[in-house]
Amino acid sequence: MKITQIRNATQIIQYAGKTFLIDPLLAPKGSYPGFAGTARAEIRNPTVELPCDLTTLLNVDALIVTHLHEDHWDETASRVVPKDKRIYVQNEQDAESLHKQGFTHLTVLADETKFGDITLHKTTGQHGSDHTYADPAMAKRLGAACGVVFQHPTEKTLYLAGDTLWRDDVEATMLTFQPEVVVLNAGFAHVLGHGAIIMGAEDILKTHFTLPEAQIVATHMEAVNHCLLTRDALKEYARDNQIIEFVNVPEDGETLTF
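Numbering (the working numbering), first residue to last: 1 to 258.
The hints are simulated quantities; they were obtained by calculation from the structure and are not laboratory data.
Source: prediction; values computed, not measured.
Idealized CB from N, CA, C, for every residue including glycine.
Treat the hints with caution; some may be incorrect.
[To be verified] Below, computed lysine-lysine pairings styled on BS3-like, alpha-carbon distance capped at 27 Å:
no.	residue 1	residue 2
1	LYS140	LYS114
2	LYS29	LYS83
3	LYS29	LYS235
4	LYS2	LYS114
5	LYS2	LYS18
6	LYS2	LYS85
7	LYS100	LYS140
8	LYS100	LYS85
9	LYS83	LYS18
10	LYS156	LYS18
11	LYS85	LYS114
12	LYS156	LYS114
13	LYS85	LYS29
14	LYS18	LYS140
15	LYS206	LYS235
16	LYS2	LYS83
17	LYS100	LYS114
18	LYS156	LYS206
[To be verified] Estimated spans, in silico, between C-beta atoms of each pair:
no.	residue 1	residue 2	range
19	VAL48	ASP169	30 to 36 Å
20	GLU251	GLN178	37 to 43 Å
21	THR107	THR176	20 to 26 Å
22	ASP84	GLY195	39 to 45 Å
23	LEU54	PHE209	37 to 43 Å
24	ASN241	GLU171	28 to 34 Å
25	CYS52	ALA139	34 to 40 Å
26	LYS235	HIS105	38 to 44 Å
All chains, full assembly: derive it from the sequences and hints.
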């Protein structure tokens, strides 16, 4: 497989002969205001430009949209992605939202979904702490977000965790599927008064302890206002904990092969 980091959680994944675009945030730098009520909300999003042209990103077999927050599916994506492109979503609510935007080839991910010879497994997580989700307004704002496990007889198993904190169900997914490659949204995004809503450096370490031989790919970094963990800080943390050989922190535009 090949994983190309694009920007934020947007990636191109080439897996078993198919090419997937993940969570497209496609607007030019500074198109949107920072997320209200989050860390550094005065900074506009995205904070960096795309590393490639849109045509390159749209030449794919399918999209996977883990949820519909603006930093995973934005107005530009809605406008430029072909309306008949195959798109996998987490639930009927997201499918209905994209249907209203004109998209016609929508599939709701199940526990097991076949795409040719590839098996996609929808996985669970939680986009914030239990304390945060106890606040009805925050629970509505953060909503649901999924992850995906990719399996194919000729490929290593890949786990794309999505926007989640470290949770028992995330650990259970790792133990059940034993993925050799794990993509973690590790930018440590913060909501004021609630703390982190996605993973950070310590969760990279927890993943290594759970899957000691797995290669970990850190994404969702240095592209939106509320992500506080930098690539350099994560690499330093990995070196200090002597796990750097298992931790990949790709730059935008960089391709990793596994």
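Out of the numbered hints, which ones does the structure contradict?
When the structure is compared with the hints, numbers 1, 14, 20, 24 turn out to be violated.
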